[in-house]
Amino acid sequence: MDVLGRYRNLIVLVGVLFAQVLGLAVQVRRTTDSEPTRLIRIWAVGAVTPLEKVLVWVQTSTGGVWHNYFYLRGVRAENRNLKQQIERMSLEQVRMSQDADQARRLQALLAFKEQFISRTMAAQVIGSSGSELSRSVYIDKGESDGIKPDMAVITAEGIVGKVLRVYRSTSQVLLIDDQTSGVGAILDKTRLQGILRGTPAGEVVLEKVMSDEAVPAGEMVLTSGGDGIFPKGLLVGRVTKVAPGNELFLNIRVRPAADLSKLEEVLVVTRIDERQAQPDQAGAARAVDILAERLPTVPSKPENAVKADTPAPVAPSNTSSDAKPKAVSPEASAGGAPAARKTASSPSSSPGSASATSLGTSAGTSSGNAATATGTPAMKVSPKPVKAAETPKPQPAVEDSPH
Amino acid sequence: MAITYTSGEQVEVYRFSIPATTLIPLTAVFLQAWLPLRFPFFTIFDLPLLVTIGFATARRSPLAGLLTGSVIGILQDALTHHPIGLYGISKTVVGFGASSLGIKLDVEHAGARFLLTIVFYAVHEVVYFMISRGLVGLRMAWTWPHELLSGVANAMLGVLVFMLLDRVKQRT
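Chains as they are written, first to last, in our numbering: chain A, 314 to 716; chain B, 123 to 294.
Chain B with its partners taken away, still in its complex shape (with noise of 0.2 Å):
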């Protein structure tokens, strides 16, 4: 079932169109910040996050994963009022990870994306609480319910996500 160890060599490696690469982030980003307005509860999404995952987990290459992340990180920095940076260093780690552990494990399975979106979303948030307390000192709340929470509503709708990413994503 869901995690299993495989060899680089029985990993399929997928890549996207360019229209794809450009478009996917940017619908992403642009549906994160038109959706909280007409459902406030859509803010406990991160959108951008899930597609970086699924390009990540799908390329698995970790120097396109961690650039990826690092483009869509920034882009989803640039629209708030924060220092830009902080979505960026925190989904270029995202990016990374996801794409080296895409290359030990098969992530093909929607239990394997449920676990996998979890895991790197508690990452995603860690990273961002510490570099955003420690660097640019804002007031942080960390909130375990609502991390929780937020983490299982992310992988299910990552899961959502990564089956929508499996049908633009072509075989190298």
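In isolation and in its complexed conformation, chain A is listed as follows (with noise of 0.2 Å):
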């Protein structure tokens, strides 16, 4: 009794020490995402957070009276600059929209799923995990709210991380840059996919990449899409510095577009659907028709052009009009070099068997959905093709598959 009570100090803390050890084993052994959160966690969050809570709507009250009613200064000119802006934005708008409805009529002949965010809900970041190991950060939604793990964290800027665990009214999000994250990646231009992760120094680095590629520094790297977490193609951030790493494989590292350190508001990604790209115009186009008018042809003569009695395949401009029917005056069919190549791929943009057999040999098995699509009777062209040979064919693979 006397050792006991001697060594008792010892004792205790060799059996504090043995249990908690203990507990970290058995966590260890059990970590899987099925897990539900330990009580002591729950407690910890609910002890913790709405003080958080508390603060941080405090924090934004007075910050939002003070930028909304007093501090005013410059005002006048960033609104002018703003519709500037939004002048300069428009324009550009309407290239952009020019070039996504032919990327559109593109995936429609591919029968190209695409991923797309359509329901987020933004929430305010209130706390942390206060460790430098652990980076991950929490936010002021919960179960209550929908949100369930695994859900995408977003922000304008770019990726953030992932919901880990969600209790009744916050949540627990993973940063990409903890050591434990991953995420699918792939270069903006080289189209190389590797592994996003962070480093136990809070880095990111994309991992995977081969190191015989070439990756220059500055390239955007988006998301893959792969982690089955993060729709493909939202921005991860640019490649600041690439190394010969270990192995087999290039160091590459990444600096976030979203700055991770200074969270404030984040959007959580609650549902993505997929869908299958259709055109907005129901206009029987093949992939070569749009292709070539993106490229330099000789404008064909305006006698051949159209037919007085035939209403043109139009297509002087790449917009979605172009597949409505309409009579083209012989100026803007002898005008236009697209009015021609559209009359030269006419015979399969035609409604009916050919363009249905056309779609079904290149584009496998979209042929159905989008000869379903672009099914409409909307284009009457001549049966043959018009000055077919004398215009120079832009792309002869494409155009001489065997269909």
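Wrong hints could be hidden among the right ones.
To be verified - Footprint (simulated), chain B over chain A, 3 or more residues, beta carbon under 8 Å:
| # | segment |
| --- | --- |
| 1 | 327-335 |
| 2 | 510-516 |
| 3 | 522-530 |
No lab work stands behind these hints: they were computed from the structure.
Treat the numbers as computed from the prediction; the structure is a model and nothing was measured.
Note that beta-carbon positions come from the ideal geometry of N, C-alpha and C, so glycine has one too.
Got two chains here, each in a separate frame; can you build the complex from them with the hints?
Below, the structure written as structure tokens:
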């Protein structure tokens, strides 16, 4: 008994340490995604987050009053600049919408299924884990708001992380710079795929890119969609440094686009839908037609472009309205090379079996969908290619495909 | 000056009221979770560790020290996404060590507290590093400059925290 009394403190220390080590070992062994959240975490989060919410609310409220009612210096100039910016962007939007229409038509031909974010929920970041080695934050939305584990968390600048644990009114978000995180990523230009991971020092690296590949610094990194959490095409960041790494892979450092150290508001992607791309206008368009519109050609002669009694397939520009039946004035078709290009590919763009056949051979299983989507009697074209021989074929490989 | 060897009878033992015992660690954990959002550099500090050392050296009871460290550490663990016990074990060791040392040394002076905090910060980091690598399998990076800077920064903040704790501790 004397021995026990003498070494009481030491015995308690060993006992407490042993219990914790045992608990740790059990947790490490059982760590799975489906594991329920431990009660102690719920208690700790329940004790800390309400106060954080209150503080964040007070901070944003006072900040809002100051910025919205008192500190309005330079607002007029900013407003003027923003209006000019809107005008510039409107022009840009027109151009981009044309590109988007083209892309949609091509995607429809390929039966391309695209993922898109259909619903998000704005959330306020209220706290962090408080540890350099656990890079995670808490947001003020939880189970009661429909948040679930593994939902993607993003900002306007780029991706942030994924929901790790969900509590009743808060959630824990694992940031992409944590060493236990992993995001499927792809380089924008070189289209090389890799896995984005955090390092113990809090940096973000792109792994599993072979060392014989050339990756320029400054290249954008996007999500590849391969992880099943982030939809494809979201901005991750930019390559800052490329160096030979261990074994066969490059060591690519990436600077995240979103400032992970100063997060305030984030968007939780609560729903991702998948749909097959459909062209806005149901014009019977082939891939070759769309490609041809983008390539320079020799203008055709006006008299050959359109017959008087035949509504021509008009495609002077690559807008979606091109596919509508339109009688084109001779001047228009004479002056526009695209009209001639459209004419050259007209046989397969006519509704009916020709169109279906051509799509069926070029796009494989997508033919049915594409034909359905594009099977409106929109365009009447002459049964034989008018002046097709005179027009230089911009894409012979595609045009001469066996259909 | 700083650290002087004293007998157990010469050392004064303090205690803390129940509100202080519960609210101070909770506040430390809360601030540790909240301040890095506003001030990212704050992650180099470990407020719960400083409170653990402060409580342990004031109480001078190894049993109370290790239990305080254990509870604060587990609370801190619960906010991370790592398994519970990493901070718990580290702070248990620190709590026990600080209170055991507090019996033998006079740690009422700022200089002594500064040195004591650096030493126990290092102990804490070494224990955490070993457990997380050896038991949990986390990839850990040990960088001396960073650890040294963090140790000094924590020691400086520790002196202030101990001064605040002096105001709420009660002589037994």
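Mind taking a look at whether chain B covers the segment 510-516 of chain A? Criterion is 3 or more residues with CB to CB distance under 8 Å.
-> Result for this restraint: holds, n = 3.
Would you say the segment 327-335 of chain A counts as covered by chain B, given the rule of at least 3 residues with C-beta under 8 Å?
-> The restraint on the segment 327-335 of chain A holds, since 4 of its residues have a Cβ under 8 Å from chain B and three suffice.
Within the segment 522-530 of chain A, is the number of residues with a Cβ closer than 8 Å to a Cβ of chain B three or more?
-> violated (count 0)
In this structure, only the earlier hint numbered 3 is contradicted, and the remaining ones agree with it.
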